[in-house]
Amino acid sequence: MSRSPDPPGAQLNPPEDCRRMRRIIAEDPDWCLAIVPFLSNLCLQSIVRNFEEKPILEELKLSQKDFVQERLSPSLPLHVTANLISDGIFWKRCCKQRWDLCDVSHYSHSWKRMFFERHLENIIELFIPDVTDPKTVVAMVPLCKNYVKRLVISQLLPPIKESQKEEDEYGSEVASDNEYDGPSMDHFDFSILLDKLICLEELHVVYRVKQCGMNFEWKMFEMTDRDCESFAMAVKSCKTLKLLRLHESHIEDKKCRLLVKHLLDHPSLRELDFSHNLIGNRGARAISKLLSRSKLEILNMCDNDVRDSGAKAIAHALSKNSTLLSLNLRLNRLRDEGGQAIGTALLNNNTLLQLHLGGNEVTEPTAIALSKALVHNNTLKSINLSCNRLGVDGGKALEEAMSHNTSITECDIRLTEVEEHSVSFINQVVWTNQSLEHKKQAEENQTK
Amino acid sequence: MCLYKNSTFFALSLIYIYAVMSSDGANVTISDAADKLKLIPTLDPAVVIDSPVFKPGLDSLSSLSLLSSFPEDLEISEYCSELLHIFGQRYVAYVNCLVPAARPVKVCLNCFSSYSSLMATYTNISSDQMGPGNVSCRDSLLRSDRLMVVYLLYNNLVDLWSKSKCQNCITEGFQSLTNDTLNFMSTLNQTLTCFEKYQQGNHTELCKNCKDKYRGLNELYSRLEKNHMCIDIEDAMNMTRKLWSKKFNCSFPREETVPVIAVSSFMLFLPIIFYLSSFLHSEQKKRKLIHQEDTCVGVIQEFNEDLCESQPEEKEMEESKQLTTPQRIINLQRDLTTLVTNIQTAADAKESTRRKELEEARRIRLERLENDVKSSQEKFEKISRGWLMAKQKVIPQELQEALNSQQQLCAEIIDDKKKLINDLQQELKGEDDRYVKDLRRQAEELDVMMERMEEQIKTLTQAYREEVALIESVYQQEREVLHTRHKTDWDQYMEDLRDKQQVRLTEKKKKVEEYETKIYDLMMETIDKFCILNLEENAKFQILEREHQQIKAKNMITAFEQMKQKNDTEVHNFNLSHMKSRIVSLQTKMKNVMSKYTSQEKQFKKKNWYLSEEYKRNIQQYEGIQKKISHFAVADAKKFEEMWLMIEAEVKQLVEGALVIDSLIYKQHLGLAWERPHMPFMELSGPLQPQKQAQRHTRQAFSQLFQSGKAVQCSHGMMDASVGPRLATDAESMDMEVCRQGTAVESAAEEEGKVSMETMKKLMELLCDESGFLMEDKVLTLLAPLEKDEQTVVKLSSLLCAFGIDEVDVPKLADFLLKYKQRQREPTEDVCAESGESTSSTTDLTSRSVHPNHVLPALKSFLKQHMHYRESSARQQPSFQYVEVRDTSEDEAYWESMGNVVSEDKVRLWEALENILKQHLSVLTEISELIPETQSLQQQNTELRKLLHQSLNSRVSTELEIP
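Protein chains in written order, with the numbering used here: chain E, 18 to 465; chain Z, 316 to 1278.
It should be emphasised that the hints constitute simulated quantities derived from the structure, not laboratory data.
Careful, some of the hints might be misleading.
What the hints assert, rightly or not - Facing chain Z, from chain E, some residues (calculated, C-beta under 7 Å):
no.	residue
1	Cys119
2	Leu348
3	Gly376
Unchecked claim - Below, a sample of chain E positions facing chain Z; criterion: calculated Cβ distance under 8 Å:
no.	residue
4	Ser403
5	Arg431
6	Gln451
As the list claims (entries may be wrong) - Residues of chain E placed beyond 12 Å of chain Z at every Cβ, according to the derived structure:
no.	residue
7	Asn67
8	Lys109
9	Glu138
10	Asn163
11	Met237
12	Phe238
13	Asn349
14	Gln371
15	Gln463
Think of the CB as a built atom: it goes at the ideal place given N, C-alpha and C, for glycine as much as any other residue.
With the hints as constraints, model all of the structure from the sequences given.
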């Protein structure tokens, strides 16, 4: 049925529909006089129908608002609805219509926020540089700037076609020229967006292409220097950002330094995640500088290429830092030198709660150093030393240290070739600590 | 059921047979028999079976049928009937064999021979072959009627045979039993003998000893069972088994059941096994995966498993502790997370090792490359040197050679390079493969991780749920406990409260009552006090008042006295004057009255004198009259006698006349002999005076006595009445005169009278009391002021007036009353005791014993009698006075007898006679009336005859006669 002139009314007036569908009223078993709608309902329906031309909502009562919200079409243009309709059933309907999975709990139970965040994410993720008009993104800003708190960008498309063409062109001449770094490979420029999103707190960015299939190229999974520069500038411009997550984006020392340079003295940044990148010693050094010049609380550097010198730098920063709570150096190459440095740094640190040194090729000396630190440090709660060849002696040292410690509630020493009885002892201590912790918490709760 | 049916059938068949035989014996054709047998099925078969009495009935039926048999039918040939006869005999034989073999079933073994013979006969009958005389018995015997008795009978037996499956036990052609059967029977016999042998002792022994044989039998049977044995064997086996298991209780488990049970249990456990195996398999898979990852992981796994093993104990501990801490949950969380993170750490470990390897490989590669560079450098130098050498060479061959060597060297280098490249490419390939493998493995690991996470979530949720449930239950229990405790507490408190309240209530009530009583007392006290005060006040007031009043009264009295004195003097003065005047008038009156009185006295004296004179004269007159009366009386008597005689004579004459008439009537009219009736009075003459003289004297005396008595009584009555002293004196004088007249008798009478005087008085009083109701009220009121004696007198007089009794009768009445008493008493008292002393004791007795209750009835009866007496006396009065007493009754009888000379019979006779005579007279008168008529008629007759005669004699008549 093509009832395009009046689409919203199609769902709203069943008796009329029936009457139009079938001429014989007597045959309609559901028809009764009670279904004849109220005039107020009819008015509301007309409001709904003409919402685009004449949005009337604020003047209505609560119940009427609900009525209208329930019936408004989700396909209404956003510039009409965005700032007019508050969070509620309408946005829920919009979300449900667009996405199958809608876990509103991730969006602090705000359907509107969910809609706008995901909408913006979608726009960015499908943004193709030089093809898509950046204005489409910018146009969204005034609509969604009040609602977007988090952006989780799971892919950033490169300018595929042109680049391919270029590649094709160049490919014939210069086969697989790695040095060639055409401007065409730049991704979406965040600088146009981030400074305008006044509520943005979290930013998760991955420079990659999802479902690339057989078109795989390494370049798709990198951020270019220009990208990095622009991104760093954008991040710097965003003063509300608390969490920055830039992972799996092929960040090397150079880019890292560039980013860190712009992130220095950031007023609100609390959490930084550079996991699964290629940051080396220099990058680590830059980050250690960042540690001392920012209020970072959580630093995640897992799966990078930080080695002993970088670790030393970080340890140095750690020994002076008083804000960092969690440090993740999983899957790096600290080795014993780095490990020892960090162990000694812990002696001077009173804020760090979590430390992850898993998979860092540290051995007994680190264990001994850490165990020294553990004896004296009573703030550290969680330590992860898994996948390191600590050996029997290291295990014994840890065991010894743990016997004096009362703060550690998590101690992961799996796959460390430690003897079983020391493992069990450590676990025992950890458990007693846990139970103590629980008691403390319970007491606190009770006192509250 | 089947057996029952069969038995029914047997009974029926028996009946049939019987009928058949009977019909056969009576030389009745089969069709007739069939016809007759039609009757039998009409009877209810159940009745037939149930009643053993039926057979004689059937006998009678058969005899009936015998009587009503048809003459021989020609349809059936001799041969067929013979066949039928044989069939019948064999049938009977078979059935005879069958019935006793019914239980225990030996239908096949015992009766197969008779069955075979029956079969043979039937085949003979049913065969198409023509017998002698060209007859086919099949049609005639089997199909000729609707019932088809023979066929039916035979079919039934065949059915029976097939149902019992006898053909399985009997060889073909019914020669003998099959070998199997014989074998079975022999083993059965052995078993049974074994049973019998050990039957006496303990059954366990039997079970032990006969077990082999029984088993052999069983096996044999189960072997035989496959080809459906006959009913006999089945039954025998059944019986044996029953004996074995039921009676001797020696059931031993059959081997067959064991596999069945095993299979079924296996089937039952199949799903469990399936799930178990799948579970184990998955576990193994997991374990394999983990093993593949690293041996270390295995170690950890084992460690974990150990942990897990130790965990249940803890769990149990915790459960026993009943939720001291949520340790279990924490453990679970921990273990599960470790289980999940194990993979990650393993991956990390692998990654680190990989990196190490990569580094190693790179190092090797770099070394190799360096070596290669070196070698290639050397070679290159060599080549370049070679070029120098070549430059030196002039000879083309040499040059050629040098060039060749150079080329060779270059080729070597190139080869080396190529080799290197190849190696590197190989390495790359290997790395690629490894990468792919790693990817795949990682994907698998991811899968495993996800799986584990899911499991973790599941187990955790379950654990949480359990925990929650446990907590809930604990809380529930606690709550319930608390609830119950609180409830009991509550109840107790409530009860206590109630008790207390009740106690308090009662206390309160008591208190209230106390206070109420107190208040009441107080109130009463105060009221009393108040009252007392009031009273005192009142008393004071009253005293004062009284004083006041007294004073007042005194004043008043003084005033009154003064007044009175004044008044009195006045009244006295007035009264005195008045009385003075009155006295004067009264004195004058007195004078007048006195004068009158004197004058009247004189007058009365004169009158009195006159009257006494007159009385004397009257007395004299009376005496004269008395004399006259006596004179006249004599004269009357004489007259009477004369009159009597005269009248008697007349009457006698009349009687005689009547008698004469009677006799006349008798003689003349009736023609009967008349007898003169006996008439004694006819001889008598004169009035009836049997004791004339004697009676007269006594009577006179009596009358005199009576008169005197009467006079006395009168005098007494007068005295009693005491009208006046003068009158009394007069009466006394009169009395005296009367007394003088009644000389001798008087004394006695006086005595009697005096005797009765006192009693009389008492009686009279009594009478007065009792019959007071008869008197008028006026009289009573008038009498009331008088004395008692006077009262009685007046009453008596009035009473007597009312009774109509003269004063004369009073003594009679008294006498009667006394006698009445006696009479009343007599029946009660002893007659002999009373006889002598009755007279003496009468007075006392009467006076005492006249019961007032008896007075009235006595009075009544007296009055009755008195009435009689008066009547009679009234009648007798004249004769009593001056003539002797005449017995009028006798006179009457005399006169009546005189009158009744003609008896009533006679009168009736006479009357009848008169009637008859009247009739006779009437008839006679009629006759006499008719006589003139007849005479006239006769006259007429004669006249007519004359006329006739005349007419006859005339001519006319003669003429008239001729034509």
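Here is how each hint holds up against the structure:
1. Below 7 Å, beta-carbon pairs count as interface contacts, and Cys119 of chain E has none with chain Z, the closest being about 21 Å; its hint is therefore violated.
2. Interface restraint check for Leu348 of chain E: the shortest CB-CB distance to chain Z comes to about 6 Å, inside 7 Å, so the restraint holds.
3. Hint status for Gly376 of chain E: holds, given a least beta-carbon distance of 4 Å to chain Z, under 7 Å.
4. Against a cut-off of 8 Å between C-beta atoms, the interface hint on Ser403 of chain E holds, since the closest Cβ of chain Z lies about 4 Å away.
5. Annotation: Arg431 of chain E was flagged as interfacial toward chain Z, and the flag holds, the nearest CB pair being 5 Å apart, inside 8 Å.
6. Taking 8 Å as the C-beta contact cut-off toward chain Z, the hint placing Gln451 of chain E at the interface holds, the least distance being around 7 Å.
7. With a minimum CB-CB distance of about 49 Å to chain Z, Asn67 of chain E clears the 12 Å threshold, and the non-interface call stands.
8. Every CB of chain Z is more than 12 Å from the CB of Lys109 of chain E (nearest about 27 Å), matching its label as outside the interface.
9. Remark: the non-interface label on Glu138 of chain E is consistent with the geometry, its nearest Cβ contact in chain Z lying 24 Å away (cut-off 12 Å).
10. Listed as outside the interface, Asn163 of chain E is consistent with that label: its C-beta sits roughly 36 Å from the nearest C-beta of chain Z, beyond the 12 Å cut-off.
11. No beta-carbon of chain Z comes within 12 Å of the beta-carbon of Met237 of chain E; the shortest separation is about 17 Å.
12. With a least CB separation of 14 Å from chain Z, Phe238 of chain E remains clear of the 12 Å interface cut-off, as annotated.
13. For Asn349 of chain E, the non-interface assignment is contradicted: its Cβ lies about 9 Å from the closest Cβ of chain Z, within the 12 Å cut-off.
14. Non-interface status of Gln371 of chain E relative to chain Z is upheld: no Cβ of that chain comes within 12 Å, the nearest being about 14 Å off.
15. In this structure Gln463 of chain E is separated from chain Z by more than 12 Å, as the shortest Cβ-Cβ distance comes to about 16 Å.
Violation of the numbered hints given earlier is confined to hints 1, 13; the remaining hints are satisfied by the structure.
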